[in-house]
Amino acid sequence: MAVSPRQPLSKISWAWQITWFYLILFLFVPSTALVLKAVTLSPAKIWHIATDPVALSTYNVTFLTALVAGVLNGFAGLITAWVLVRYEFPGKRLLDAAIDLPFALPTAVAGLTLSTIYSTNGWIGGLLAPYGIKVSFTRLGVLVAMIFISLPFVVRTVQPVLQEMSVEGEEAAWSMGASRWQTFWRVILPPLMPAVLTGVALGFSRAVGEYGSVVIIAGNIPFKDLIAPVLIIQRLEQFDYAGATVVGSVLLLISLLVLLIINLIQAQGRRYQ
Amino acid sequence: MTAELPESKSQATAGIDWVKGGLIAFVVIYLALLLFVPAANVFYQAIQGGWPGMVKVLTSRLFLNALKLTLIATVISVPLNTIFGICAALAIANKTFRGRTLLLSIIDLPFSISPVVAGLMLILLYGNRGWFGPLLQAGGIKIIFALPGIVMATIFVTMPFIAREVLPALEESGTEQEEAAFTLGASPWQTFWRVTLPSIKWSLLYGLILCNARAMGEFGAVAVVSGNITGKTQTLPLFIEESHTQYDNQAAYTAALLLACLAIVTLVLKYLLERNTAVRRTYH
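So the sequences go chain by chain: A and B. Under the numbering used here, think of the first position of the first sequence as 12, with each following residue one higher. Under the numbering used here, think of the first position of the second sequence as 194, with each following residue one higher.
These aren't lab readings, by the way, just hints derived from the structure by calculation. Think of the CB as a built atom: it goes at the ideal place given N, C-alpha and C, for glycine as much as any other residue. Worth double-checking, as some hints may not be accurate.
What the hints assert, rightly or not - Heads up, incomplete: computed chain B residues facing chain A, CB under 8 Å, no partners named:
{"#": "1", "residue": "L224"}
{"#": "2", "residue": "I299"}
{"#": "3", "residue": "G323"}
Stated by the list, open to error - Think about it this way: if two alpha-carbon atoms lie no more than 20 Å apart in a straight line, the pair counts; the simulated EDC-like pairs of lysine to aspartate or glutamate are:
{"#": "4", "chain 1": "B", "residue 1": "K261", "chain 2": "B", "residue 2": "E372"}
{"#": "5", "chain 1": "B", "residue 1": "K394", "chain 2": "B", "residue 2": "E372"}
{"#": "6", "chain 1": "B", "residue 1": "K213", "chain 2": "A", "residue 2": "E181"}
{"#": "7", "chain 1": "B", "residue 1": "K335", "chain 2": "A", "residue 2": "E181"}
{"#": "8", "chain 1": "A", "residue 1": "K103", "chain 2": "B", "residue 2": "D210"}
Here chain B stands alone, though its shape is the one from the complex:
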């Protein structure tokens, strides 16, 4: 046994480089086929038509309307989710109560529900034949096939992002500093702005970046409720799909390039935050 030891170990060490090389090659090929080549293709296809082709798409009325709608839906839903996320984290952090685990699971639920099912729920609720349909029609309020429906669908699918980032940060920073601020006479509001917020700012930013990326790119839930009325209720992802089905490659890939740039900015910010702050990386 002892005599064999150096031999078996050196064998293993000599073999490792070969295994290492093989495994790295596998990973590089795997990621190239699924991530790098498809990402490069977005740039290639968009630039292929040259600047005039891209500029023509970027200045077209349909594209601008889709961009505008995507931005409006994001600007409404992300701040609402931020308020919810911070409140939920404040309410749950550093506390033990019955049903805590259940509540955490409920907050995470939208990540498990298919976006199409989320959209379906909104149709059954606010659609013309839905539960509140007759009431809304009588009041002349349009939710489905209009902006409110798109916002609600976006809120549904991005609901957990901020809460699940801020909650662990709050638990880690504890309550001592907040309590100290209270005893020194700070109001709850002052305490939040001066003590709580600075301690969660990086986690909050991390959650915001992920929430924003998903909100701008959401497709399934929005596709169900928007009705995809060209130039009216068409968001950027829907614009891409429709351009693609109409064989307008230039339009599809120019819009895709814009969203791909957003994804790259998201990844870079995410990477920097993970590297330079105490933010822990999470998966969804």
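Excised from the complex, chain A in its bound form:
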């Protein structure tokens, strides 16, 4: 026992050094490059670029569509988690395994196949076209891609909580005469809310940053369906580094804000338990 405290220490300092070297080289230095570039611009110029009409329209498309995708997945994900945990039916395992497809499938493939299927002569888009609904190459297409990319989050955050939740509370509520609806609102939903909100926030964050699937399914037209990450690439292609940096910094700040919110929700959820 006398030897052990010294030995692991030597091993650990080694691991520490590699960890920090790696983080500095591949994470801190690149992040600093962005911050330093943003700092060299005058506040007036940053404001001018950040509130440029095209930039403003991309925030609208990016954040609002990601929010709608996150909320829709909040509802659908909750139902999906419920069905996968509480019900037994044939094919359940396949459904469960398929939930992770958006994590495993490269986004370029997702964008490609979604844009084909939801185009006006595609399998699903063709069914919507007679009603005047166009999906591919419109903002609705951006929404479909964002729903796809953020689909697993709510399911995967809610599932473990639901699995550990006992059915006793529900049964007690029932036996005391509560309706199914009341039982759901008063007994089942409250302990699940932190998990649902965490999943929605994670999905939102992922959808905001998404590039691959959206760039393929969208028409990328300013003021219509152009998202902020595509605007960054367009600015870079025009060698407008200041423009790219400012829009990139806005995206980065929003991501950090969402990360903070997720941590707060989780801290709140822990206190709840």
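Following the hints, position chain B against chain A.
Okay, now just chain B, sitting in the frame of chain A:
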């Protein structure tokens, strides 16, 4: 109250099957519209042109170059991330120190940053007009629009995968066995190979599978730094996008089929690991 109880309960039980059916139907339709139909479409579109069409794409120079570049970038970035992930987990696991939570958040940070922003950072750093641009040009080193940039972009977006899988496994297995090995005279290296590694192998494999899938499929970050020079700095996802914009459906879907197969293998391995080992399922 007591008189009503059996009635209300039987009502609820009778109603449940209807609700159950409705909810299952909803989930099946929801997943079909977003996952199953799009996945089936990849196979359908790729096979539509028949074997000759697929073989022609698979043997084309552009496709082979893209495949080669994707494999090279993956073979470099995944092992580097593995070393980092294991080291970070060893350094953090079973220890309490100030700023531990902050460090964990920092390691997870790349998952929150848009891949395009990650690519932008590398351009601002190593691009011709970037901070190190003049220095690199003087030294004749090319990072942006070349392999090193693609590797760095891939490393950035896949950095947390291994660390966040191995860390909980290390915490769960504790330090007792390692300490026992030390006291019995094993060197740190021996202890790592004989004691530590076997206790984390399934979690490590799980992280590796996810890291590999993301590395091979990364699009946004690579699109920014690669310059997408056809036949030179074009990875498979970029090949798919370019084929698509040039209306070469056969090429786009043949490459997509290959990556879709990779995704299915990933899902199957992930499923088997979750079912047969103590690996806990995580989400990113």
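Evaluation of the provided hints:
1. Nearest Cβ of chain A to the Cβ of L224(B): about 6 Å, under the 8 Å cut. The hint holds.
2. At a threshold of 8 Å, the smallest CB-CB gap from I299(B) to chain A is about 7 Å, leaving the interface hint in force.
3. At a threshold of 8 Å, the smallest CB-CB gap from G323(B) to chain A is about 7 Å, leaving the interface hint in force.
4. For a cut-off of 20 Å, the pair hint linking K261(B) to E372(B) is broken: about 44 Å separates their Cα positions.
5. A distance of roughly 19 Å separates the Cα atoms of K394(B) and E372(B); the hinted pair therefore holds under the 20 Å criterion.
6. For the hint pairing K213(B) with E181(A), the CA-to-CA distance comes to about 16 Å; that is within 20 Å, so the pair holds.
7. For the suggested pair K335(B) and E181(A), the alpha carbons sit about 63 Å apart, so the restraint of at most 20 Å is broken.
8. Our distance criterion of 20 Å between C-alpha atoms is met by K103(A) and D210(B), whose separation comes to about 16 Å.
Of the hints listed earlier, those the structure fails to meet are numbers 4 and 7, in rising order.
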